[in-house]
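Fit chain P to the given chain Y structure using the hints.
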Amino acid sequence: MKHFILSGLLFLLLFSCGRTKKPPETTTTEPGKEVYMKYCLACHPMDGSGVPGMYPTLQKTDWVQEDKTRLISLMLDGQQGEIIVNGQIFKGVMPAHQYLTDEQIADVLTYIRSNYGNNADPVTPAEVARLRSTQTGQN
Amino acid sequence: MIHIKQIAILVICTLLAGCNRTDRSTGLNPDSGNGGLRLPEGFAALVVAENLGQGRHIAVNGNGDIFLAPRELNNGHGIVALRDTTGDGKADITAYFGDLPGTGLQIHKEYLYFAHDTCVIRYKFHANDLLPESEPETIVSGLKREYQHEAKTIAFDAVGNLYVNIGAPSNACQKDDRTPGSPGLDPCPILEMYGGIWRFKDDVKNQTQEKDGHRFATGLRNCVAIDWNNKVNNLYVVQHGRDQLNQFYPEYYDDNDNANLPAEEFFLLEEGDDCGWPYCYFDDQKIRKVLAPEYGGNGDSIGRCAGKKDPILAFPAHTAPNDLIFYTHEQFPEEYKNGAFIAFHGSWNRSPQVQKGYNVVFVPFYDKLPTGDWSVFADGFSGTEPVNNTGDAAHRPMGLAVGPDGSLYISDSVHGTIWRVFYP
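Protein sequences, first through last, are from chains Y and P.
Okay, so the first sequence: first residue is 13 according to this note's numbering, each after it adds one.
Okay, so the second sequence: first residue is 248 according to this note's numbering, each after it adds one.
Everything labelled a hint here was simulated from the structure, so no lab data went into it.
A few of these clues could be false.
In the PhoX-like style, the derived pairs of lysine-lysine whose C-alpha atoms are separated by at most 25 angstroms in a straight line are [stated by the list, open to error]: (1) P:478 with P:356; (2) Y:72 with Y:45; (3) P:452 with P:391; (4) Y:50 with Y:103; (5) P:458 with P:391; (6) P:603 with Y:103; (7) Y:103 with P:422; (8) P:356 with P:371; (9) P:448 with P:458; (10) Y:80 with Y:50; (11) P:452 with P:478; (12) P:603 with Y:50; (13) P:391 with Y:103; (14) P:371 with P:422; (15) Y:50 with P:458.
Derived DEER-like restraints, expressed as beta-carbon distance ranges [to be verified]: (16) Y:131 with P:455: 48 to 58 angstroms; (17) Y:131 with P:285: 52 to 62 angstroms; (18) P:448 with Y:113: 47 to 57 angstroms; (19) P:288 with Y:42: 46 to 56 angstroms; (20) Y:41 with P:342: 53 to 63 angstroms; (21) P:503 with Y:131: 27 to 37 angstroms; (22) Y:146 with P:381: 52 to 62 angstroms; (23) Y:126 with P:448: 29 to 39 angstroms; (24) P:615 with Y:98: 24 to 34 angstroms; (25) Y:144 with P:378: 47 to 57 angstroms; (26) Y:100 with P:451: 34 to 44 angstroms; (27) Y:78 with P:280: 38 to 48 angstroms; (28) P:375 with Y:100: 33 to 43 angstroms; (29) Y:100 with P:309: 35 to 45 angstroms.
Idealized CB from N, CA, C, for every residue including glycine.
This is chain P alone, in the form it adopts within the complex:
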C-alpha cells in the first residue's frame, strides 16, 4: 500500500515538474550540436545569425529585436539590427543603422546606448520599430582615443548615472611602452584621464570627460566587462591584467609564470576605489597583490600594494574578460538567479604555451559576493583545442545579453555569429 502511495507521489511530482517546465518552456528547437557549443546538462542553443562581421557587444530589446555593435564598419554599415518574425529564434530580417564602429551597447530607459571609441550616443525607437526613429543624441563626446585599449564600454545604475570604462593606452605605464628596461612612470600620469571608470549623467547631452566626468574608480588597466548589479546596487567589472612579465623581466619570471600571471580580476567597485594598476597586479597563487617589476617588484614583494583593492574572484591570466552580465530572469534553473556570466574572449599572450579562455563562465552569487568558484558554462567556440595561436580559433565569445524571455545571447568577434542559449 505504502509502495503504491510512493509511486503516486512520484507520478504527481513528475507531472508537476513537467508542468513547471511547460510554464517556462521557450518553445525553441536547438540546432543540432547546439550550434557547436558545449553547455551544462539541460541547456540548449541555436545560432540566431552569422557572418555579421567582427561582433562586439550585443543588446536585446524588450520586443526581442537584437543589436550587435561592429568592430569595423561592415560594407559601410554600423550597428546590426536583427528580428525574428517566425518565433523559431532565427533572425529573418537583418538591417543596419549608424555609421560608427564601436563596442559598448545597452538598452536603457527605452534608448539604445552605443559607445564608439570617442563618444557615447543613444538612439530612440518608435513603438515596435526595428530601426531608430531619428538621428542619435550625443551623451558624451570627445573621449580620448589612443591606440591601445581604446574600446569604450558602458553600464547604468538605477538613479540616472552612466559608467564608462576608459582603458589605459599602455601595458604597465612604462616610460616607453612594452620596452625592456624602461621604468614605470611614478606617479603614472595616464591615470589622470585613463585607467579607470568615469561616471556621467545618463540623460544629459554633450557631456565631456574633463567638464562632466567623475572618476568613480581608478587603477584599472582595462575593463571591457562592466555591469551594474540592480539587485545589490553596485558596479562590477572584470579587468584585463598586464602582459609580458617574462619578456621584460626574465630574471624574475619564466614562460610558465607569464602564462599564469597575473590573474584577471573581478571587482566589486565602490566610489573612490584604487585597484592598483600599474603599480600592482594580482597573483592568484599567492592570493594577494604583488608589486609590479616596473615599480621595483621582484615577483614577491608587496610594497605599496598593501592597501589596494582586492578582487572578489580571480580568473586565469590573459583570458580577456570582455563582457559581464548578472542574470535576474526566471528561465534558467534557480542556481543561476542573480549570478554572473562572463565572456572570455581568449588569450594571445601565453606563448609558447597554449592559449586559454574562449568560453563563457558562470559565477554563482548571493547578495554582493560569489558563493563559490566559477565554472565553464559555454565552451567549444574555438572549434579547435588546444588553441595554439589566437588566429586558430573559429569563434571568440565577445558580448552577452539576456533577452526578455531569459535566454542568454552570446556574440562572436571572428565571424559575427550570435548564439541564443536557453533551457528548453
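Extracted from the complex, chain Y is given alone in its bound form:
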C-alpha cells in the first residue's frame, strides 16, 4: 500500500514536470561540435551541406577555410542578400550571433575549419574578441 502511495506521488511529481523539457544532452567532447549542434544544425545540417538555394554549404569552401576576419564577422554580424559559395547562389538569412561568447565562436569556427572537408588552422577566442571590440554600434 505504502509503495502504491509513494509511486503515485512520484508519478504525480514527474507528471507535473512534464511540460518542461531538459535541453538535449550532448555526449560529445568536442566543444565546437556542441555549439554546432545547438546553433547551426537547423540550417547547415549534420554534414554541413546547407540547404540548396537558401543556406550555403560549409564543405570545402574558401568562406570557411580562408580569411578568418571575414568568417568571424559573418558569425558576429550575420548576413543577408545573395551570397555565392562554391559557385552557387544562396539567399537565406544568417542571423547575427553576437550572443555567443568569444570561446563559443572560436570553438565552432575551429570545428568547421577542421571538418566537412576543410583543413585550416584554429580560430582563437582572442581573435574573436579583437574583432568584436573593433566593431561599433553592435549589440
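Quick look at chain P alone, frame taken from chain Y:
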C-alpha cells in the same frame, strides 16, 4: 442459362468500360519507370523536359504550351516556354522570354501572369504563338522585397481580382529574427505590409500595395501554395509554419517536438481572416492552435489564439507546401474531381531527424471541405530515401498545373525537370 447471361453482362460491361477508357485516352506512352515517380495504380508519367534550371511555378496554355518560372536567370534567360510538336508529350521546342526571375505563374483571361519578387506582370499571346507578342504590362509594382519568404505567388477569382501572397520576412516576428531569447514584437509590425494575402484588380496597370492593395487575410507567415477554387468560389492557401522551436526554447521543445511541430496548415480563407502568425501555431496532435513561445507560450497554453482561424487540414511540419491546384478536369478517375493536389517541396528543418515531404499529395473534396485525409499521390522525386539532408534530394516538387486534356504537370526546383502525369 443464368450463368451465360452473367458472362454476357460482364463482357458488355468490360467493353463499355474499355470504350470509356478509349474516349478519354491520352494516347501518351509513359516513360519507363514513370520517369522515376511512384503513382497510384492506373496512373503513368513521362518527363516532358529537364535541365531547365531551378524551376518554380508552372503554367500550361490552352494549346498545350508549357511555361516555367525560373528562380534565377538561366544564362540570362527568364521564363522557359516549351512546345510539343509531335504529340508524344515530350517538348521539342524550348524558347525563353523576359529578363526577370520569379515564382508565381498562371494563365488567366488569355494572359500569362508572372510574379517577380517585387511585381506582377502579364504577357499577351497572339493566336497560337509560343512567345508573347509584345512587352509585358505591369499590373502591380513596388512590392517590398526582403531577404526571406520573398517569392510572390498569385491566384485569380472569377470577378476580376488578383490575390498575391506576400510572405513575412521573419520566422516568428522576434525583435532579432531567429535569435535565442529575443522577444516577439507585440503587435507584430511586419503584419502591416507582409504576412498575408493582398487583393488587387487583375486588369488595372501599375497598382501598388500601399495605394491599391487590400489586405484580404492576415496572420499568414508564407503561403507559396495558393489557388482559387472556381467550383465553390473561395480562396485556399497552404502555409509554411514557423521553424526552430527546439533551438530557441529547449525548455519546452526537444528535437522530436521540433521535427513534428508546427503543422503546415491548409486554409479556406474568407475576407478579414486572421490565421494567427506570429502569435500562434497549429499543433496537429492537440488539434488546436497553441500560443507561440515568443509570446509567452509554453507549448500548451492557448491564450490569445482562441479566436484565430483554424485550418481545414494539417500536414506534417516543415514539409513546405509550394503549390496548390484544384482538379476540375475529366481525365482522372471520378474521385479526383474537384479535389486538391499539393506539391510539398520537402523539409530542411527536421535535423537531426530525417527530412520529410518531397511529394505531391491529394486531398479529396466535396463542396468547400475535404471529405477525407490526404494521401501521397506522387512520390520518388528525391531519388533517395530517407532524405537526411535537403541537398541529397535529386529533385524537389515545386509547381503544379493542369493541361487542357486534364494531365497534371509537376515542376522541379533542383534540375528543372517537368513531369506530365496522366491516366492512360
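For each hint, the structure was consulted:
no.: 1; hint: P:478 with P:356; result: holds, 17 angstroms
no.: 2; hint: Y:72 with Y:45; result: holds, 17 angstroms
no.: 3; hint: P:452 with P:391; result: holds, 18 angstroms
no.: 4; hint: Y:50 with Y:103; result: holds, 22 angstroms
no.: 5; hint: P:458 with P:391; result: holds, 13 angstroms
no.: 6; hint: P:603 with Y:103; result: holds, 22 angstroms
no.: 7; hint: Y:103 with P:422; result: holds, 21 angstroms
no.: 8; hint: P:356 with P:371; result: holds, 10 angstroms
no.: 9; hint: P:448 with P:458; result: holds, 12 angstroms
no.: 10; hint: Y:80 with Y:50; result: holds, 22 angstroms
no.: 11; hint: P:452 with P:478; result: violated, 28 angstroms
no.: 12; hint: P:603 with Y:50; result: holds, 21 angstroms
no.: 13; hint: P:391 with Y:103; result: holds, 16 angstroms
no.: 14; hint: P:371 with P:422; result: violated, 44 angstroms
no.: 15; hint: Y:50 with P:458; result: violated, 44 angstroms
no.: 16; hint: Y:131 with P:455: 48 to 58 angstroms; result: holds, 52 angstroms
no.: 17; hint: Y:131 with P:285: 52 to 62 angstroms; result: violated, 41 angstroms
no.: 18; hint: P:448 with Y:113: 47 to 57 angstroms; result: holds, 54 angstroms
no.: 19; hint: P:288 with Y:42: 46 to 56 angstroms; result: holds, 50 angstroms
no.: 20; hint: Y:41 with P:342: 53 to 63 angstroms; result: holds, 58 angstroms
no.: 21; hint: P:503 with Y:131: 27 to 37 angstroms; result: holds, 35 angstroms
no.: 22; hint: Y:146 with P:381: 52 to 62 angstroms; result: holds, 55 angstroms
no.: 23; hint: Y:126 with P:448: 29 to 39 angstroms; result: violated, 58 angstroms
no.: 24; hint: P:615 with Y:98: 24 to 34 angstroms; result: violated, 48 angstroms
no.: 25; hint: Y:144 with P:378: 47 to 57 angstroms; result: holds, 55 angstroms
no.: 26; hint: Y:100 with P:451: 34 to 44 angstroms; result: holds, 39 angstroms
no.: 27; hint: Y:78 with P:280: 38 to 48 angstroms; result: holds, 44 angstroms
no.: 28; hint: P:375 with Y:100: 33 to 43 angstroms; result: holds, 38 angstroms
no.: 29; hint: Y:100 with P:309: 35 to 45 angstroms; result: holds, 37 angstroms
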